[in-house]
Amino acid sequence: QSVLAQPPSASGTPGQRVTISCSGSNSNIGSNTVTWYQQLPGTAPKLLIYANNQRPSGVPDRFSGSKSGTSASLAISGLQSEDEADYYCAAWDDNLSGWVFGGGTRLTVL
Amino acid sequence: EVQLVESGGGLVKPGGSLRLSCAASGFTFSTYSINWVRQAPGEGLEWISCISASSSYIYYADSVKGRFTISRDNAKSSLYLQMDSLRPEDTAVYYCARVGGSGPYQTNWFDPWGQGTLVTVSS
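Those protein sequences? They're chains A and B, same order as listed. In terms of the numbering used here, the first sequence opens at residue 1 and continues consecutively. In terms of the numbering used here, the second sequence opens at residue 1 and continues consecutively.
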């Protein structure tokens, strides 16, 4: 069981906006920044959002992140077929002295 | 181009040992903390270990503490993971990933990631 809780699946149609939640506790999300990773089928994870809401260069502005208290969210607007992937949230956990991940959310574009 | 390339994976029997390597290029390896993250087949990501730039700080997940040892050779721009007393539940793709950000770990992230190397523990 993952320290950070994510819904196992999400879906949307092209052009729609979808959000993926990530719930933690005071020792991780509540105290530290949240990162989101995208893992396309058969590939290594890729940085998508860092420091709660920052996009690395090359990541479309359709992707956005937010954090409030002990929860975080990833929003994808203008959904495209190439967004079909697994999405993971992560944060440092002060109690565990290490990083923790969510269980991952598989996004399906219908 | 910043690149991380893992190697050393393979099939090993329960109780056996294996040493993974991660070769870095395209950046000043000696100034970055590096991590190992694994992914069991069909499962999610699990962070397992981190080593600071000068090897002064080392952290392990409870699941591997006492069995795995992380190390690095800055002269060779290489990261290692010595895995002992392997169990079937250690079967996974093992990724190395560079820490991004200049602040404390609480504000950091992983970028980039290597392509991974598969470790299979089975009799």
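Careful, some of the hints might be misleading.
Claimed, not checked - Derived DSSO-like pairs (lysine-lysine); straight-line CA-CA distance at most 30 Å:
1. Lys76(B) <-> Lys46(A)
2. Lys76(B) <-> Lys65(B)
3. Lys46(A) <-> Lys65(B)
4. Lys65(B) <-> Lys13(B)
Unchecked claim - Calculated from the model, a selection of chain B residues having no Cβ within reach of chain A, i.e. all distances over 12 Å:
5. Ser7
6. Leu11
7. Val12
8. Pro14
9. Gly16
10. Arg19
11. Ser25
12. Gly44
13. Ser55
14. Tyr59
15. Ala61
16. Gln106
17. Gln115
18. Thr120
19. Val121
In case anyone wonders, no lab produced these hints; they're calculated from the structure. Predicted model only: the values in this text are computed from it and were never measured. Even for Gly, the Cβ is constructed at its ideal location relative to N, Cα and C.
**Item:** Non-interface label on Leu11(B), tested against every C-beta of chain A at 12 Å
**Value:** Its Cβ never comes within 12 Å of chain A, the nearest being 21 Å, so this holds.
**Asked** Taking the closest pair, is the beta carbon of Tyr59(B) still more than 12 Å from chain A?
**Response** At about 5 Å from chain A, Tyr59(B) fails to clear the 12 Å cut-off, so the statement is violated.
**Request:** Confirm or reject the statement that Ala61(B) sits farther than 12 Å, beta carbon to beta carbon, from all of chain A.
**Result:** Non-interface label fails for Ala61(B): nearest chain A Cβ at 6 Å, not farther than 12 Å.
**Request:** Compare the distance between the alpha carbons of Lys46(A) and Lys65(B) with 30 Å, and conclude whether the hinted pair is satisfied.
**Result:** Holds, at roughly 26 Å.
**Prompt:** Are the Cα positions of Lys65(B) and Lys13(B) separated by 30 Å at most?
**Reply:** Distance of about 20 Å is within 30 Å: holds.
**Request:** Could you check that no beta carbon of chain A comes within 12 Å of the beta carbon of Ser25(B)?
**Result:** 16 Å, holds
**Message:** Does Ser7(B) clear chain A by more than 12 Å, comparing its Cβ with all Cβ atoms of that chain?
**Reply:** With a cut-off of 12 Å, Ser7(B) remains clear of chain A, as the shortest Cβ separation is near 14 Å.
**Prompt:** Are the Cα positions of Lys76(B) and Lys65(B) separated by 30 Å at most?
**Reply:** Distance of about 26 Å is within 30 Å: holds.
**Asked** For Gly44(B), is the shortest beta carbon distance to chain A beyond 12 Å?
**Response** Label violated. Min Cβ-Cβ 4 Å, cutoff 12 Å.
**Request:** Check the non-interface label on Gly16(B): least C-beta distance to chain A beyond 12 Å or not.
**Result:** 25 Å, holds
**Request:** Classify the label on Thr120(B) as holds or violated, using whether its beta-carbon is more than 12 Å from each beta-carbon of chain A.
**Result:** 17 Å, holds
**Item:** Least C-beta distance between Val121(B) and chain A, which was stated to exceed 12 Å
**Value:** 21 Å, holds
Hints 12, 14, 15, 16, 17 from the list above are not met by this structure, while the remaining hints are.
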